[in-house]
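Asker: These protein sequences, in sequence, are chains A and B. Reading the first sequence from the start, the letters are residues 560 to 810 in our numbering. Reading the second sequence from the start, the letters are residues 11 to 210 in our numbering.
Read the hints as simulated data drawn from the structure, not as lab findings. Cβ coordinates follow ideal geometry from the N, Cα and C atoms, glycine included.
Under the rule of at most 27 angstroms between Cα atoms (straight-line distance), these lysine-lysine pairs were calculated in the BS3-like manner: (1) A/LYS768 x B/LYS144; (2) A/LYS778 x B/LYS120; (3) A/LYS627 x B/LYS33; (4) B/LYS120 x A/LYS776; (5) A/LYS627 x B/LYS200; (6) A/LYS691 x A/LYS739; (7) A/LYS596 x B/LYS144; (8) B/LYS76 x B/LYS65.
Computed spacing ranges between beta-carbons, pair by pair: (9) B/LYS79 x A/VAL577: 52 to 60 angstroms; (10) B/GLU35 x A/ILE611: 33 to 41 angstroms; (11) A/LYS778 x B/ASP193: 27 to 35 angstroms; (12) A/GLU630 x B/ASP143: 26 to 34 angstroms; (13) A/GLU630 x B/GLN210: 24 to 32 angstroms; (14) A/GLY791 x B/ASN30: 28 to 36 angstroms; (15) B/LYS80 x A/MET753: 46 to 54 angstroms; (16) B/GLU43 x A/GLY791: 48 to 56 angstroms; (17) A/ASP587 x B/ASP193: 22 to 30 angstroms.
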Amino acid sequence: MLSKRIIPCLDVKDGRVVKGTNFVNLLDAGDPVECAKEYNRQGADEIVFLDITATHEQRKTICDIVAKTAEQVFVPLTVGGGISTLEDIRRILRSGADKVSLNSAAVKNPRLIAEGADSFGNQCIVLAADVKRMPDGRYNIFVSGGRIDTGIEALGWIREAERLGAGEILLTSMDADGTKQGFDLEITRAVAEMCSIPVIASGGCGSLKHFHEVFEKGKADAALAASLFHYGILKVQEVKAYLRQNNIPVR
Amino acid sequence: MIGVIDYGLGNMFSLANALNYIKAEFRTVATPEDSLGLSGLILPGVGAFPEGMRKLALSGIDTLLKQYKKPILGICLGMQLLFEESEEFGLTDGLSLIPGRVIKIQNAPKIPHMGWNELTINFPTTLTGKLPDKSQVYFVHSYKAVTDQQYLAASSDYYEDITAIACRGNVYGTQFHPEKSGDAGIIMLKNFIQLCEVQQ
Numbered sequence: 560m561l562s563k564r565i566i567p568c569l570d571v572k573d574g575r576v577v578k579g580t581n582f583v584n585l586l587d588a589g590d591p592v593e594c595a596k597e598y599n600r601q602g603a604d605e606i607v608f609l610d611i612t613a614t615h616e617q618r619k620t621i622c623d624i625v626a627k628t629a630e631q632v633f634v635p636l637t638v639g640g641g642i643s644t645l646e647d648i649r650r651i652l653r654s655g656a657d658k659v660s661l662n663s664a665a666v667k668n669p670r671l672i673a674e675g676a677d678s679f680g681n682q683c684i685v686l687a688a689d690v691k692r693m694p695d696g697r698y699n700i701f702v703s704g705g706r707i708d709t710g711i712e713a714l715g716w717i718r719e720a721e722r723l724g725a726g727e728i729l730l731t732s733m734d735a736d737g738t739k740q741g742f743d744l745e746i747t748r749a750v751a752e753m754c755s756i757p758v759i760a761s762g763g764c765g766s767l768k769h770f771h772e773v774f775e776k777g778k779a780d781a782a783l784a785a786s787l788f789h790y791g792i793l794k795v796q797e798v799k800a801y802l803r804q805n806n807i808p809v810r
Numbered sequence: 011m012i013g014v015i016d017y018g019l020g021n022m023f024s025l026a027n028a029l030n031y032i033k034a035e036f037r038t039v040a041t042p043e044d045s046l047g048l049s050g051l052i053l054p055g056v057g058a059f060p061e062g063m064r065k066l067a068l069s070g071i072d073t074l075l076k077q078y079k080k081p082i083l084g085i086c087l088g089m090q091l092l093f094e095e096s097e098e099f100g101l102t103d104g105l106s107l108i109p110g111r112v113i114k115i116q117n118a119p120k121i122p123h124m125g126w127n128e129l130t131i132n133f134p135t136t137l138t139g140k141l142p143d144k145s146q147v148y149f150v151h152s153y154k155a156v157t158d159q160q161y162l163a164a165s166s167d168y169y170e171d172i173t174a175i176a177c178r179g180n181v182y183g184t185q186f187h188p189e190k191s192g193d194a195g196i197i198m199l200k201n202f203i204q205l206c207e208v209q210q
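Just chain A, with the same shape it has in the complex:
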């Protein structure tokens, strides 16, 4: 049986991990390569680097980070943030990443999903969908770090992205993100049941119970968390031990 994946996300700005970390055993807790190695030791099933670098020039540093990580960490690596062209995708994959996640650029130019999938394989292309619940109960797609409402209805866009060739959906609930009150189970379940590709749930995780819920009730294939792991509130192996006790298959 396929294991449910636990995916720590590292927010990287100008080559450094932001949000700070509580890894007392690391020489340099701001070094993304060291953090990735620590997550690997903890049993992370995959590692996501989210590049929140402001300027284009400094984006090259994310490639160096991926290259250095890929020399020492042998689990899948995903890079997201600021990827807008086929050349960006190529450069990141050539650095040693296994997948790229596309967000704003895919909304602006949906063909990028198809071109990326055709050139590098569906399994490389992750659609990152930042969604927010509207007063009428529907969900809209937000871009630019959740600041801009595109007015696009989320389920329709995700279905379209799958049709274009996305191999996976990284679903972030803007409502839940940062609250530590748990994942948005409703939208996660709706997307997971609609899609025939894996769904990674993100946003809102604050406890062990939330991980269990998102797999049991949200039907997610993987769960992603950033600050929870950054700040050492939970370790990946604790999450897995808890899930195992609750009969959720994990590695």
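Since the structure of chain A is provided, determine the placement of chain B on it from the hints.
Answerer: Same frame as chain A, now just chain B:
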């Protein structure tokens, strides 16, 4: 030293990184001549079966592999190419190094089969020596090999049986990516390198 076959399909960086990590000596092999003096070959690959066979034929590496007596390790698409035929995009002949055929995964609600899954060892091979029980490995594939029990060294369960490791004599294939399978994958790559050195 072993060779990693470069036929222009998929990225070889991960495999090269893993081989460097275990301090295995290797070089890329793009033509049959490149393989002279090497103690074994790895056939990686991501992509479609017909394209894979076409590219191997272009360089003559298909003929080399069919006659090769030293250890071979096929990974993912590279593993599927070791079989007799595949039904991906119509029926295409493979390298026929292991009896069996490659078919679409039948029963799964989500395809590709992507993620970590447990290995069930059916019989021990050099490749799985020292591998802890219930090790999990990383898969990404939509097609699977169907082969006789005698070649089915390990399988995984994804709504149906998935051939995870196939083996016939010196020819090994892993449907999963050992170079992305954490410690378990590193153990298997080390085992393969050791096998090549011993037979040298």
